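2 protein chains.
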Amino acid sequence: MTDVLFPYEQLRSFALTIFTKIGCPADDAALATDVLLSADLRGIDSHGLARLSGYVRLWEAKRINTNPDVRVIYETPSTAVVDGDAGLGLVVAPKAMKVAIEKAKQAGTGWVSVKNSNHFGIAGYHSMMALQHDMIGMAMTNASPLVAPTFSTERLLGTNPISVAIPAQQQPPFVADLATTTAANGKLEILQRKNKLAPTGWIQDKSGNTSTNPHELKDGGALIPLGSDYEHGSHKGYALGSIVDIFSAVLSGANYGPWVPPFVAFLQPPADPVGQGIGHFFGAMRIDAFRPANEFKLHMDTWIGRFRSAKTVEGKDRVLIPGDPEREMEKVRLAAGIPLNSKVVEDLTDLGRKLDVNF
Amino acid sequence: MTDVLFPYEQLRSFALTIFTKIGCPADDAALATDVLLSADLRGIDSHGLARLSGYVRLWEAKRINTNPDVRVIYETPSTAVVDGDAGLGLVVAPKAMKVAIEKAKQAGTGWVSVKNSNHFGIAGYHSMMALQHDMIGMAMTNASPLVAPTFSTERLLGTNPISVAIPAQQQPPFVADLATTTAANGKLEILQRKNKLAPTGWIQDKSGNTSTNPHELKDGGALIPLGSDYEHGSHKGYALGSIVDIFSAVLSGANYGPWVPPFVAFLQPPADPVGQGIGHFFGAMRIDAFRPANEFKLHMDTWIGRFRSAKTVEGKDRVLIPGDPEREMEKVRLAAGIPLNSKVVEDLTDLGRKLDVNF
Numbered sequence: 037m038t039d040v041l042f043p044y045e046q047l048r049s050f051a052l053t054i055f056t057k058i059g060c061p062a063d064d065a066a067l068a069t070d071v072l073l074s075a076d077l078r079g080i081d082s083h084g085l086a087r088l089s090g091y092v093r094l095w096e097a098k099r100i101n102t103n104p105d106v107r108v109i110y111e112t113p114s115t116a117v118v119d120g121d122a123g124l125g126l127v128v129a130p131k132a133m134k135v136a137i138e139k140a141k142q143a144g145t146g147w148v149s150v151k152n153s154n155h156f157g158i159a160g161y162h163s164m165m166a167l168q169h170d171m172i173g174m175a176m177t178n179a180s181p182l183v184a185p186t187f188s189t190e191r192l193l194g195t196n197p198i199s200v201a202i203p204a205q206q207q208p209p210f211v212a213d214l215a216t217t218t219a220a221n222g223k224l225e226i227l228q229r230k231n232k233l234a235p236t237g238w239i240q241d242k243s244g245n246t247s248t249n250p251h252e253l254k255d256g257g258a259l260i261p262l263g264s265d266y267e268h269g270s271h272k273g274y275a276l277g278s279i280v281d282i283f284s285a286v287l288s289g290a291n292y293g294p295w296v297p298p299f300v301a302f303l304q305p306p307a308d309p310v311g312q313g314i315g316h317f318f319g320a321m322r323i324d325a326f327r328p329a330n331e332f333k334l335h336m337d338t339w340i341g342r343f344r345s346a347k348t349v350e351g352k353d354r355v356l357i358p359g360d361p362e363r364e365m366e367k368v369r370l371a372a373g374i375p376l377n378s379k380v381v382e383d384l385t386d387l388g389r390k391l392d393v394n395f
Numbered sequence: 037m038t039d040v041l042f043p044y045e046q047l048r049s050f051a052l053t054i055f056t057k058i059g060c061p062a063d064d065a066a067l068a069t070d071v072l073l074s075a076d077l078r079g080i081d082s083h084g085l086a087r088l089s090g091y092v093r094l095w096e097a098k099r100i101n102t103n104p105d106v107r108v109i110y111e112t113p114s115t116a117v118v119d120g121d122a123g124l125g126l127v128v129a130p131k132a133m134k135v136a137i138e139k140a141k142q143a144g145t146g147w148v149s150v151k152n153s154n155h156f157g158i159a160g161y162h163s164m165m166a167l168q169h170d171m172i173g174m175a176m177t178n179a180s181p182l183v184a185p186t187f188s189t190e191r192l193l194g195t196n197p198i199s200v201a202i203p204a205q206q207q208p209p210f211v212a213d214l215a216t217t218t219a220a221n222g223k224l225e226i227l228q229r230k231n232k233l234a235p236t237g238w239i240q241d242k243s244g245n246t247s248t249n250p251h252e253l254k255d256g257g258a259l260i261p262l263g264s265d266y267e268h269g270s271h272k273g274y275a276l277g278s279i280v281d282i283f284s285a286v287l288s289g290a291n292y293g294p295w296v297p298p299f300v301a302f303l304q305p306p307a308d309p310v311g312q313g314i315g316h317f318f319g320a321m322r323i324d325a326f327r328p329a330n331e332f333k334l335h336m337d338t339w340i341g342r343f344r345s346a347k348t349v350e351g352k353d354r355v356l357i358p359g360d361p362e363r364e365m366e367k368v369r370l371a372a373g374i375p376l377n378s379k380v381v382e383d384l385t386d387l388g389r390k391l392d393v394n395f
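Taken in sequence, the protein lines are chains C and G. So the mapping is simple: my numbering equals the position in the first sequence, first residue as 1, plus 36. So the mapping is simple: my numbering equals the position in the second sequence, first residue as 1, plus 36.
Calculated directly from the structure, the hints in this document are not laboratory data. It should be emphasised that the depicted structure is a prediction, and the values quoted were computed from it without experimental measurement. Check before you lean on any hint, since a few could be wrong.
Where chains are identical, the list cannot tell them apart; a pair therefore holds if satisfied intra-copy or between any two copies.
[Claimed, not checked] In the DMTMM-like style, the derived pairs of lysine to aspartate or glutamate whose C-alpha atoms are separated by at most 25 Å in a straight line are:
| hint | residue 1 | residue 2 |
| --- | --- | --- |
| 1 | K230 | E267 |
| 2 | K134 | D324 |
| 3 | K141 | E111 |
| 4 | K223 | D265 |
| 5 | K390 | E96 |
| 6 | K352 | E267 |
| 7 | K141 | D324 |
| 8 | K352 | D255 |
| 9 | K347 | D241 |
| 10 | K242 | E267 |
| 11 | K242 | E350 |
| 12 | K242 | E225 |
| 13 | K347 | D308 |
| 14 | K242 | D353 |
| 15 | K57 | E96 |
| 16 | K131 | E45 |
| 17 | K379 | E366 |
| 18 | K254 | D383 |
| 19 | K347 | D265 |
| 20 | K347 | E267 |
| 21 | K347 | D255 |
| 22 | K333 | D308 |
| 23 | K98 | D63 |
| 24 | K232 | D265 |
| 25 | K134 | E111 |
| 26 | K230 | D39 |
| 27 | K223 | D353 |
Input sequences plus hints: build the corresponding full structure.
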């Protein structure tokens, strides 16, 4: 179970070849690779190369179209609906985010709801696309139902993340990227691999009792919305996850709630879909649609500086700004390499063998 | 400490007279009353009549302008910045939300950031204004710093609520209205009045240790962001509260973070303001800027119906949809009256005496 370090370029080249082998046009393969690897670089290991063979299995099951016609099917000056044509979310999402950014250039803001897509990697990649345009970026997506609403024993929501990226001047940007659950599924996967118990408040069993068994979801259990229990506000996490679901899928015409198709190819999508594929939602707000961008960014520097220099509790040397840990991780991993655990290495080696690519 | 029931009309008439006495024009007084009383009707007692004398004290301290010129000072097709002219938030907020709705009619969506305002009552009032236009409504605001970011012992954020209102067809609307803290300040006030301990995870003491003392904030303690502690995602609640602060105040030019002026008149605003007053942020998205409104609302009926009929944990007879408890409370209180506890009754009686109005 030791992790081995791989240079970023080696992993990039492998993923690029795999995406090309399964039929992605060159530009799409490069885009998908960039999005996927950004998760590994930023330390969100569950959403990076560890998922590559999962995407390929979905393609084998004919649930992913690697040559999609991603297109705007409806629009107003500040909104659009994008049909992902069953493409890789890794490709559909940045294309839809680009539409949001173009809308914002004209109308001040742009808002794009996407249907007929698949898993889009980390939300933060897409929201951060807005930063270079002096815009605030937003990205969210629904996902396979693993989460039980407060008081429910049924899994009706995904971990439905929200990302918001906000530019600053001298300071690095503010980048929040959070699952609307107490713990992201990736954290559970780490516990499963290490055979460790989960803290209480992350998981419930099939009857809705709190559980520390990280394998509980295989036995009808569920992840718990941010808040852990009703007394600590799990109904708020449930509301936030619901908003993500509705913006991503009910606005666009994708599947929502328990109808969202599972990411894993060995589970069939529901036989009675209420829409097409999974849904995403993107937003871009031009800073200077509110006030001069420089003025705003200087105030963001003040905001970030004040929070970063707050007095800390004992044992912690600083208050973090959202995005700090991921940015620092990216720097380390670009220089030192990306650690992959032996199961992921094995999985990628098998994948390479199947598609005749050296890992 | 017994609660006495008062008819809605009596309380409405009292508040209307008070707002008129302190100089609000007739329309503004009616609007402020409507917003304030909506909190009492919906069961958010901390934000209703219990706050009336607080608003009056701020007016006495010349921190509220009861005859403000609320105006758009900057705009693009889908955005605006509104200067509240130091008016009552209860008046400024619905006027700004109206601007968002008008923008949405033209551009598909409307987004309004507000500076130079004051406490705006419940966020849900403003977001729900969008519903009658077949729009999704959003409202958020920053507030006096009572919340410590994860790992901080300093209070840098308010309870910074987010409200999102989404229309349905046959089903009542989905209305989320949540403080981005584990517990809203109002819940703490209830424990203070009843001399009860708080659950762990709501409050920390001045050193950042968890505390169950509901009076801890008077001794340098702080409310904790949604999530309760780092292991359960308090950094997510901190990020959400930060986003509310930035959208409300850094975009508009209001005060943010620890510079937000306190709601209570006996505390002076910071001597080194970074903006004007407190800030709000409003959004309106026309449903048919994405898909036909009827189609969307029928799917919302399906969404709500599915969640409402989910299997429940033992001891709970149903899964709630955000907005259910408040809507049911409103029905009860409109019919049976609004309960006020003796401290609030005493406070309102004193207020009436001061301004020569019978309570």
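Quick check: which numbered hints come out false for this structure?
-> none
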